[in-house]
Structure formats: structure tokens, C-alpha cells
Amino acid sequence: MKFQGKVLNWNDDKGFGFVEPNGGGQRAFVHIKAFKPRTRRPVNGEVIVYELVHENNNRYKAENIQFARDLKNLNKRSKAKSASNFGGVFTIIFCAVVLLSTFSGKLPAIVVGLYIVMSVITFTAYAIDKSAAQNDRWRTQESTLHMLSLIGGWPGAFFAQKKLRHKSSKKEFKRVYWVTVVLNLAGFFWLHTGKGINFIDNVISPLLNV
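Using the UniProt record's numbering, read the sequence shown as starting at 1 and increasing by one per residue.
Hints listed in this document are in silico derivations from the structure and should not be mistaken for laboratory results. Treat the hints with caution; some may be incorrect.
List of simulated lysine-lysine pairs, BS3-like, C-alpha gap at most 30 Å [unchecked claim]:
id, residue 1, residue 2
1, K162, K72
2, K195, K106
3, K6, K36
4, K167, K72
5, K72, K171
6, K36, K76
7, K163, K130
8, K2, K14
9, K174, K72
10, K162, K76
11, K76, K2
12, K72, K6
13, K170, K72
14, K171, K130
15, K76, K170
16, K61, K33
17, K33, K14
18, K72, K36
19, K14, K72
20, K171, K76
21, K2, K61
22, K61, K72
23, K76, K167
24, K72, K2
25, K14, K36
26, K6, K33
27, K72, K130
Whenever a hint applies, use it, and build me the whole structure from the sequences.
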């Protein structure tokens with residue numbers, strides 16, 4: 001069973017101290033060798049996660065100790081990785097659907113071209129904005145990046161966030177980004193409806209024939 005508590009009376013020279021569990025309970029002995037992995041040394045007041053072991057002398061010691069802060073960061077990275085993997089698979093599936101719709105004749109090739117061109121432009125916009133942020137230059141407005149995603153550049157935006165590590169940790173930006181993805185997908189699937197097909201025949205196709 002895992003417990004969480006604060007380190008007390010830590011003697012860094014001797015490498016031991018005690019831990020008081022949160023909410024009260026059995027105080028336990030803490031030794032530096034019980035930290036797994038031993039990445040750094042604790043300080044008084046630091047929160048740790050540990051297993052409680054009852055020794056033969058009726059005393060308690062903490063084993064398999066980890067820093068609570070490290071565990072929290074590890075969980076965040078794990079969730080971010082899972083979200084990134086899902087986004088990657090989702091984007092690949094969408095690209096496959098676009099190609100299938102084009103090759104089956106349901107959509108004109110211009111739709112594929114639009115997504116490719118807008119994705120390249122959007123990826124480039126992210127790269128420029130990251131460079132500007134690093135060199136304290138004029139930044140690209142977030143509304144511009146979202147507009148590029150909305151009109152077809154969201155696959156490029158996704159890969160820019162992943163590869164360039166830009167705008168990938170800003171929660172509010174990510175929420176708006178996924179709204180643009182949903183809206184763009186709604187428009188994409190609308191093109192497969194009767195009204196969408198008429199729009200392609202009466203608006204897009206004549207433009208291609210100009």
C-alpha cells in the first residue's frame with residue numbers, strides 16, 4: 001500500500017530522517033538508499049510517496065520511496081504522450097479518408113491539394129512563430145494560426161506542435177485548436193452530402209475550369 005507524507009528531521013550528512021503521513025498516522029524512518037530511483041536528495045518538508053514496512057523491533061520504515069513531484073510530472077508526460085499518439089493516429093486516418101474520397105471520385109483532387117498546401121503553410125507559420133519567440137521578434141497572432149487550421153491546415157498544425165514543440169503545452173490554445181479541427185471536419189463531411197456535392201459542381205468545379 002502506498003502512502004504520502006512529508007519528510008521531517010532530515011539529516012543530509014547521515015542520509016536519513018523521518019516521514020509523517022498526510023492526515024496523520026504512523027511516523028516512519030527514511031533512509032537515502034530507500035529512494036527509487038535515487039535522482040536527488042530530499043529536504044525537510046518535501047512530499048514523498050512510499051511503502052510502509054513494519055520491522056521486528058516494532059518500528060516502521062519507508063521503502064520504495066519516490067518524490068511526489070516527480071510522480072506528478074511523470075503522469076503528466078504519460079498523458080501528454082497518449083494524447084499525442086491518439087492525435088497522430090487520428091490525423092493519419094483522416095488523410096487516408098481524404099485520399100480514398102478523392103480516388104473514389106467523391107471529391108475533386110483540389111481538396112487533397114488544399115489540405116496539403118494549407119498544412120505546409122501552417123507548419124511553416126508555426127516554425128516562423130517559434131523562431132520569433134526564441135529571438136524576441138514580432139509574433140504571429142494565435143487567431144491567425146487557428147484560422148489556418150480551420151481552412152484545412154490543422155494536420156500541419158498538429159505535426160508542427162509535435163515536432164517543433166510549439167504551442168503544444170498551452171491548454172487554452174489546444175482547446176481552440178481542436179475546435180477548429182472539429183469545424184473543419186464538419187465542413188469536410190458536408191462536402192459528401194447532396195448540398196456539398198452541388199457546391200462542388202456549381203462553385204468549385206467551374207473555378208477549376210477557368
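Status of each hint after checking the structure:
no., hint, in the structure
1, K162 to K72, "22 Å, holds"
2, K195 to K106, "13 Å, holds"
3, K6 to K36, "17 Å, holds"
4, K167 to K72, "21 Å, holds"
5, K72 to K171, "17 Å, holds"
6, K36 to K76, "19 Å, holds"
7, K163 to K130, "12 Å, holds"
8, K2 to K14, "25 Å, holds"
9, K174 to K72, "21 Å, holds"
10, K162 to K76, "16 Å, holds"
11, K76 to K2, "19 Å, holds"
12, K72 to K6, "16 Å, holds"
13, K170 to K72, "18 Å, holds"
14, K171 to K130, "17 Å, holds"
15, K76 to K170, "13 Å, holds"
16, K61 to K33, "12 Å, holds"
17, K33 to K14, "11 Å, holds"
18, K72 to K36, "15 Å, holds"
19, K14 to K72, "28 Å, holds"
20, K171 to K76, "13 Å, holds"
21, K2 to K61, "13 Å, holds"
22, K61 to K72, "23 Å, holds"
23, K76 to K167, "16 Å, holds"
24, K72 to K2, "15 Å, holds"
25, K14 to K36, "18 Å, holds"
26, K6 to K33, "17 Å, holds"
27, K72 to K130, "27 Å, holds"
Comparing the model with each earlier hint shows no violations; every hint is respected.
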